[in-house]
Amino acid sequence: MSSTGFADEVKVSLTVNGRRYTRTVEPRMLLADFLRHELGLTGTHVGCEHGVCGACTVQFDGQPVRSCLTFAVQAQGHEISTVEGLGEGPAKLSVLQEAFRECHGLQCGYCTPGILMTMQAFLAQHPDPSEAQVREALSGNLCRCTGYQHIVDAVLLAAKNLRAGGQA
Amino acid sequence: MSTRYFGQPVKRNEDARLLTGSALFVDDVELGGMLHAAFLRSPYAHAKIVSIDLQAAKARPGVIAVYTAEDLGDYWQPGPLLVPPPPVPGIVFNLRTQVPLAKGVVRHVGEPVVLVIADSRYIAEDAVGDIYIDWEALPVAAELEAAARPDAPRVHPDIPGNVAAHAHQKRGDYARAAKDAHLTIKRRFTYDHGCSQPMETRGVVAQWDNKADKLTIWDTTQAPVAIRNGMAAMLGLSERQVRVIAPFIGGGFGPKIMMFYPEEVLIPWVAMQLNTPVKWIEDRAEHFVATTHERGQIHDAEMAIDKDGRILGVKDVFLHDTGAYDPYGLTVPINSQCTLLGPYVVPNYDSVFTAVFTNKTLVTPYRGAGRQHGVFVMERLLDIAAREIGITPAEIRRRNFIAPDAFPYNHGIIYQDFTELTYDSGNYEPILDQVLATIGYEKFLAEEQPRLRAEGKCVGIAVVCYVEGTGIGPYEGAKVQVQASGKVSVVTGIGTQGQGHFTSFAQIVADACGVDVTNVEVVTGDTDAFYWGAGTFASRGAVVAGNAIGQAAGLVRQKILATAAEHFECAETDLVIENGRVSLAGVPDHSITLGELAGMANPMRGAVAPGTEPGLEATSYFGPPMGATASGAHAMIVEVDPETMMVEIKRYAVAHDCGVVINPLIVEGQVQGGVAQGIGNAFFEDLVYNEEGQLLNASLADYLLPTSMDVPRMELTHTVTPSPLNPMGIKGVGEAGAIPVGPLFAQALEDALQLPQRGVELLDIPLSPSKLWELARGA
Chain S
8 MSSTGFADEV
18 KVSLTVNGRR
28 YTRTVEPRML
38 LADFLRHELG
48 LTGTHVGCEH
58 GVCGACTVQF
68 DGQPVRSCLT
78 FAVQAQGHEI
88 STVEGLGEGP
98 AKLSVLQEAF
108 RECHGLQCGY
118 CTPGILMTMQ
128 AFLAQHPDPS
138 EAQVREALSG
148 NLCRCTGYQH
158 IVDAVLLAAK
168 NLRAGGQA
Chain C
79 MSTRYFGQPV
89 KRNEDARLLT
99 GSALFVDDVE
109 LGGMLHAAFL
119 RSPYAHAKIV
129 SIDLQAAKAR
139 PGVIAVYTAE
149 DLGDYWQPGP
159 LLVPPPPVPG
169 IVFNLRTQVP
179 LAKGVVRHVG
189 EPVVLVIADS
199 RYIAEDAVGD
209 IYIDWEALPV
219 AAELEAAARP
229 DAPRVHPDIP
239 GNVAAHAHQK
249 RGDYARAAKD
259 AHLTIKRRFT
269 YDHGCSQPME
279 TRGVVAQWDN
289 KADKLTIWDT
299 TQAPVAIRNG
309 MAAMLGLSER
319 QVRVIAPFIG
329 GGFGPKIMMF
339 YPEEVLIPWV
349 AMQLNTPVKW
359 IEDRAEHFVA
369 TTHERGQIHD
379 AEMAIDKDGR
389 ILGVKDVFLH
399 DTGAYDPYGL
409 TVPINSQCTL
419 LGPYVVPNYD
429 SVFTAVFTNK
439 TLVTPYRGAG
449 RQHGVFVMER
459 LLDIAAREIG
469 ITPAEIRRRN
479 FIAPDAFPYN
489 HGIIYQDFTE
499 LTYDSGNYEP
509 ILDQVLATIG
519 YEKFLAEEQP
529 RLRAEGKCVG
539 IAVVCYVEGT
549 GIGPYEGAKV
559 QVQASGKVSV
569 VTGIGTQGQG
579 HFTSFAQIVA
589 DACGVDVTNV
599 EVVTGDTDAF
609 YWGAGTFASR
619 GAVVAGNAIG
629 QAAGLVRQKI
639 LATAAEHFEC
649 AETDLVIENG
659 RVSLAGVPDH
669 SITLGELAGM
679 ANPMRGAVAP
689 GTEPGLEATS
699 YFGPPMGATA
709 SGAHAMIVEV
719 DPETMMVEIK
729 RYAVAHDCGV
739 VINPLIVEGQ
749 VQGGVAQGIG
759 NAFFEDLVYN
769 EEGQLLNASL
779 ADYLLPTSMD
789 VPRMELTHTV
799 TPSPLNPMGI
809 KGVGEAGAIP
819 VGPLFAQALE
829 DALQLPQRGV
839 ELLDIPLSPS
849 KLWELARGA
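Chains as they are written, first to last, in the working numbering: chain S, 8 to 175; chain C, 79 to 857.
Treat the hints as calculated values from the structure; they're not laboratory data.
Watch out, some of these pointers could steer you wrong.
Stated by the list, open to error - In silico DSS-like links for lysine-lysine, alpha-carbon gap of 30 Å or less: (1) C:K565 x S:K99; (2) S:K167 x C:K728; (3) C:K728 x C:K535; (4) C:K521 x C:K385; (5) S:K99 x C:K521; (6) S:K167 x C:K89; (7) C:K136 x S:K18; (8) C:K637 x C:K89; (9) C:K89 x C:K535; (10) C:K136 x C:K126.
Keep in mind the model is a prediction, meaning the values are calculated, not measured.
Working from the sequences, and respecting the hints, build out all of it.
Quick look at the structure:
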């Protein structure tokens, strides 16, 4: 994106999925837009731009955050993880991704990357969750297609498979 | 032919791409030099545009162009009529369609007025803020009933009473039936269906390629072929010059079948004007006012019953809010009028509606498309009738079902697909029995409810039934082709919005062509891949495209066998197709791959017999004579906290019949997702307008979509009554789950709080804890 005259552009350096990036951006640029349009990591989706739907969730030093409520400059020096960093691509899904496929935990798939990033962090903290815990952890991510049941099933299956020794 | 995949819960082919963030959505399209669009939208529901000052916007660095209606020249035209009104005798229909940019007057909040093109979306939005418009507010027709009064402010100055349409349909003689009735019940019902809120908003990217003389449009549409044809005509291009790609779509649920939205028409035009790619992505705030809603109706309805609770007739007079324009015709109110009849015998029916223009966002179909409104009225009337004559809600439904030997059953009125409303097939009592058994209806009423009530708990149960006209015409088509790699490709024009078409269609082909389901590549939503099609709506994808694909795949199978028989010099009946190979029966080592056969069917040198068609390929079209009628019943047990009026769904059961099922996993997902939207509609989602026509809760923080805490685990069962209208016996399922949830909530909450005993009835949807509290307090 070109200069706007709105504010001085600033340099931001951060790590995304283990790779270091440096770009010069406006201070007001959202992290979601930075990831999608500056870095071309379009797996992170933008659903509401006011922090409700959770579609844009990424991990910020391992914690799930809304990338639509975060400026790119706030990520200076931090580590970001996005859906592109899960698994090893379509041919080799992670345990969590595979569980979503197994349980039909997605339909249109638009909210899915944000849900994966939320639930991956959740499972790291709660290796043996109850259904109620999964539902509560999931409640900050809206899905308009599935009715959530198959997502809950997928997270519970992933937890079970991870306990048996898989990689999230 | 083996059915290794058809009917199985096959995991989805498209999931790996979606789960890794590598699926292409419209906003993921990045093109060199791409510019970005933002719109100045009307902040008023009804106002005159006195003047527009663009000076500051145009002067802002990074702004490339700014357009008002006047700048569009001859391109400024009202949009087309998308769905003509059905041939109901005496029907009145006043067509007023949306315009690309408002000229002189705005008719709803969110109507686009100025288009800004800039280097980035950030700058484009800055420039929108630079624009000064001198508005003169006009009187507003906001609330439906007020808008319908003869002296109401006019949305369109030449239409008194804001009458968009008026239609009267009848069967038999209701007045006579009412005279002979044991009882007549009369109530006023209001039902508001809110808006669909897919997680992906709308968006359009357009690129004009000067050298190829070709326009490419990426569009979040449910109908790429229709958009291609319409845009070519509007832009003076041949259809060959326009390619519309509807890639992965992040949910649609109906509003993305609305076509020729202002933004959809403008972005391709601007891309041609500037000879530069242009992107517009709707933000959520825009979505609330610029993407179509479904909203509300007010019904004054009456039911005549005999002493046993059998329906003698129904009379219904209703108002339908169509918003500021009505390009989608009468699909929604006609569906309400027809689907009200449900799975029941209604010997006398008299229904008249008036569709009313209001100064609000346009109304077009949203998952259910008006069926909810009708079903709510009928189911509530039955509940009241059951109470009056002292039988259960389950029993009154049972007594009124159309008998299983009465199909095809003609209701004698006209449906949305212009044919007589005729149910092709159905068997309703087993569905009711199934759902009652799942939920434990009798036991709950006889034992559990009295016990829980004695403990002071407010628990209630409900059961409702519905039908859904699905799989309507006109047609869809598909081309199936064996490739040199041995993979099989399927191309169809129908489009997709997340329903699993890449898998269910592949299952059909995999069985016919004897390949692994993962070796069937489905392409949909690209007009360069397949020319013809109508779109994905009205629960028709599996029925109409599915059968076209089945036919084409059957023809390809014949070609595979004929080519292999020639190769092996044997009879076709001696051949087996399996695992991507054709072999002689009993001699599996003597085989040839489909890829090799495809090569043989496409010789590069030499001569072929006259009439030979190259390749292992076939194209087929399917159009049903009318829609296939699916059906179902839902049952629910709730507990209500009498202090907070929060509702906990203790059990939720669905029994449904969508004919023959291609993929039960996908069907379950469709039903569960539909129920979730139904729950939102019944208890959470409420578009709150004030009298100025302002939407007061236009954010996802205020318009509440149900979360994982609100949608319960569901218990699903199926029955199968195959449709005789298509070779596969399929009926649609996309909308089914969403349809009957409103009346289910009303019945269950009345029961839980014992409201009727206190003189309170729940006759309006959506409900909410605060509405319940007010109603119960007034009791």
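Results of checking the hints against the structure:
At most 30 Å may separate the alpha-carbon atoms for a hinted pair to count; K565 (chain C) and K99 (chain S) meet this at roughly 21 Å. Distance hint between K167 (chain S) and K728 (chain C) is fulfilled; the C-alpha atoms sit about 26 Å from each other, no more than 30 Å. Note on K728 (chain C) and K535 (chain C): the hinted pairing holds, with a Cα-Cα distance of about 13 Å set against a maximum of 30 Å. The straight-line distance between the Cα atoms of K521 (chain C) and K385 (chain C) is roughly 26 Å, inside the 30 Å bound, and the hint therefore holds.
Restraint check for K99 (chain S) and K521 (chain C): not satisfied, since their Cα atoms lie roughly 49 Å apart, outside the 30 Å limit. Distance check on the hinted pair: K167 (chain S) and K89 (chain C) sit about 19 Å apart at the alpha-carbon level, within 30 Å; holds. For the hint linking K136 (chain C) to K18 (chain S), the alpha-carbon distance of about 29 Å falls within 30 Å, and the restraint holds. Distance check on the hinted pair: K637 (chain C) and K89 (chain C) sit about 29 Å apart at the alpha-carbon level, within 30 Å; holds.
A C-alpha spacing of about 42 Å is found between K89 (chain C) and K535 (chain C), which places the hinted pair above 30 Å, so the restraint is violated. Proposed proximity of K136 (chain C) and K126 (chain C) is supported: the alpha carbons are some 23 Å apart, at most 30 Å.
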